[in-house]
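Student: One-letter residues, chain by chain:
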Amino acid sequence: MTLILTALLGRLPIGYLQLTHNPGRLMAALAGVAFANVLVFVQLGLAGSMLESVATPYRLFQPGLMMISASGAQTLSDASKIPRQWMIRALAHPDVEGGKEIYLGQAKWLSGQQTSSSIQFIALNPDAVDFVRHDLSTPLSGLALEDSALVDLRTRFIDMGVFENTSPDAAITFEMQNRQLRAVGSVTIGGGFGGDGVFLVSDQTFFRLFPQRSSAAPNHILLKIRPGANHDKVAGELAQLFPADTVRVRPITSAMAEEQRYQMTERPTGLIFAFGVGIGLLVGVVIAYQVLATDVADHIREYATFKAMGYRMNFFVSVILEEALILAAIGFWPGLAFSQLFYMALAHLTNIPIFMTSERAVAIFVGTVAACALSGLMAIRKLKAADPAELF
Amino acid sequence: MMDDAPIIIEGLDHTFGEGEAGKQVLFGIDLRVERGSLTVLMGPSGSGKTTLLTLMGCLRDVQAGSARLLGTELNGADEETQVLLRRRLGFVFQAHNLHESLNARQNVLMGLQVHGRGEPGRHHLAASHLLETLGLGARMDYLPANLSGGQKQRVAIARALVSNPEVIFADEPTAALDKTSGLAAVTLLRDLGRLRGTTTVMVTHDPRILELADSIVTLEDGAIVRNETLARAG
Numbered sequence: 001m002t003l004i005l006t007a008l009l010g011r012l013p014i015g016y017l018q019l020t021h022n023p024g025r026l027m028a029a030l031a032g033v034a035f036a037n038v039l040v041f042v043q044l045g046l047a048g049s050m051l052e053s054v055a056t057p058y059r060l061f062q063p064g065l066m067m068i069s070a071s072g073a074q075t076l077s078d079a080s081k082i083p084r085q086w087m088i089r090a091l092a093h094p095d096v097e098g099g100k101e102i103y104l105g106q107a108k109w110l111s112g113q114q115t116s117s118s119i120q121f122i123a124l125n126p127d128a129v130d131f132v133r134h135d136l137s138t139p140l141s142g143l144a145l146e147d148s149a150l151v152d153l154r155t156r157f158i159d160m161g162v163f164e165n166t167s168p169d170a171a172i173t174f175e176m177q178n179r180q181l182r183a184v185g186s187v188t189i190g191g192g193f194g195g196d197g198v199f200l201v202s203d204q205t206f207f208r209l210f211p212q213r214s215s216a217a218p219n220h221i222l223l224k225i226r227p228g229a230n231h232d233k234v235a236g237e238l239a240q241l242f243p244a245d246t247v248r249v250r251p252i253t254s255a256m257a258e259e260q261r262y263q264m265t266e267r268p269t270g271l272i273f274a275f276g277v278g279i280g281l282l283v284g285v286v287i288a289y290q291v292l293a294t295d296v297a298d299h300i301r302e303y304a305t306f307k308a309m310g311y312r313m314n315f316f317v318s319v320i321l322e323e324a325l326i327l328a329a330i331g332f333w334p335g336l337a338f339s340q341l342f343y344m345a346l347a348h349l350t351n352i353p354i355f356m357t358s359e360r361a362v363a364i365f366v367g368t369v370a371a372c373a374l375s376g377l378m379a380i381r382k383l384k385a386a387d388p389a390e391l392f
Numbered sequence: 001m002m003d004d005a006p007i008i009i010e011g012l013d014h015t016f017g018e019g020e021a022g023k024q025v026l027f028g029i030d031l032r033v034e035r036g037s038l039t040v041l042m043g044p045s046g047s048g049k050t051t052l053l054t055l056m057g058c059l060r061d062v063q064a065g066s067a068r069l070l071g072t073e074l075n076g077a078d079e080e081t082q083v084l085l086r087r088r089l090g091f092v093f094q095a096h097n098l099h100e101s102l103n104a105r106q107n108v109l110m111g112l113q114v115h116g117r118g119e120p121g122r123h124h125l126a127a128s129h130l131l132e133t134l135g136l137g138a139r140m141d142y143l144p145a146n147l148s149g150g151q152k153q154r155v156a157i158a159r160a161l162v163s164n165p166e167v168i169f170a171d172e173p174t175a176a177l178d179k180t181s182g183l184a185a186v187t188l189l190r191d192l193g194r195l196r197g198t199t200t201v202m203v204t205h206d207p208r209i210l211e212l213a214d215s216i217v218t219l220e221d222g223a224i225v226r227n228e229t230l231a232r233a234g
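Respectively, the protein sequence lines represent chains A and B.
The first sequence maps to residues 1 to 392 in our numbering.
The second sequence maps to residues 1 to 234 in our numbering.
If we strip away everything but chain A, and leave its shape as in the complex, we get (with noise of 0.2 Å):
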């Protein structure tokens, strides 16, 4: 390895051999790097989780654009109710093909072991296959048959094993908002933060489980955009047909982008999650600084004699920076490991959609380097204290 860095930096890799030559203390810093790293993957890989959960249910549907009271229109399962007339209004635009509403309600369904999962229905009409992706088309027609549902198989806190095979003609029976409900299908949604696990149904069993939910008021619309139109230009156009306070009409793609954002800027969780990923970075900085920090201190004649030998800033600087180096490359290495396997039984224990991705993974690596590197900076400020002069 000496040799390897030697060739690499064109200098002997005082750094390195600096670190190697106190083990111990180089194992404790490398477990000091790695937890920090921990704790970033966890409050990333939780957020991720918050944006993945917040995104899934939009990938629900084709793209097209999306109508939402402009009093609930930061998340799709706020939203307040809104006219159906209005969709009506917005057929009369050339570009737009078709329109269908959307119905949301909350339900517990109890299982018989005394636990609960909060439910999260999407109702909407079962000829709208052309409004839902692909895969779901067939399943939505199946949802014509009365009191059939499409269950969600990553429900939390419910074993939803029996409903993975279920089909039209071989549909399971379960109750819940005292009625009988069919699962004659499945989806793979899973729960997010505000729910457990989502459930689709027809809106014609959505009113006979929520009797109090008018079909005249949707939360959503959806509208079919002309294929070649530009969905941007035609929501502009709608928007100008409604009192801005009213109506909001977004492309579905902008709406969720618009939800994430809300969720990690605005909502107290994701505010956590920014606050707790700075937290983590400043473990890392002040563990990486504290080592360096102490072994520049305990190199100080060493360096002073550098000094006097004629050894510029640039050269102690590139030592420091090696050290940081090192001590970021190496600890991220078990910091990955150990959130991999946090993730996985975070995963497994809570049904959230939380994965480590290669794009976070180079992230925290990069910050990681960064994190030493301005740990390493701090320390070279101590480097002041090598006068060559009381060498002697």
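The hints are simulated quantities; they were obtained by calculation from the structure and are not laboratory data.
A quick note: this is a predicted structure, and the numbers were derived from the prediction, not measured.
Every residue, glycine too, gets a C-beta built ideally from N, C-alpha and C.
All the pointers check out, no bait thrown in.
Mimicking DSBU-like on lysine-lysine, the simulated pairs with C-alpha atoms at most 30 Å apart in a straight line are:
hint	chain 1	residue 1	chain 2	residue 2
1	A	Lys81	A	Lys224
2	A	Lys384	B	Lys23
3	A	Lys108	A	Lys81
4	A	Lys233	A	Lys81
5	A	Lys382	B	Lys23
Far from chain A by the CB rule (all over 12 Å, computed), these chain B residues:
hint	residue
6	Ala64
7	Gly76
8	Gly137
9	Gln151
10	Leu188
11	Pro207
12	Leu210
13	Asp214
14	Ile216
We have chain A already, so just place chain B on it with the hints.
Tutor: Chain B in isolation, oriented as in the chain A frame:
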């Protein structure tokens, strides 16, 4: 005609601290050190010999008077000038100041590396050759912790000599050594210096060293009170 002496000092004063808290430690020092000579600075503690050594070695800024090192005036010399001058010098400290993480050969290589990447093979060869000359051929891969005091000091001497410095400054290089090792180390410095034309300036309290010196400069209370040049045979 240019003066060949590597060190010429005229009217050098030095003060630590400022204002009323200031304490002058050197007073009007005049000194000339000839090329290839071994000059010993002597004097009681606090006489200013170490301060003089650090001023000559570009390790402190010259405040008043003139100090010419290898033809360059140090009074007013900027940092870059000082760094470049230091690269033409060698230092041997009382405490060897070897890097604990580097083995003997790597410590010596640091004396060459300061001059740039060079040719690694040649650097290795030069460091190994010098260590063998100093009787450390079998200890090249030893860390300082595994070397005796005398061996460490010889590694420090090798580090100072490996780049063929024009002047070597040594501060009590024998203080941590027994009689035999101490004399051997200074003899080595003197002989290698003569072989290469290197000038050596050494602070010492060790009377045994005086026998090897070409000139002995004695300081008291920040002033030179005696400057003897000794005639040497051979």
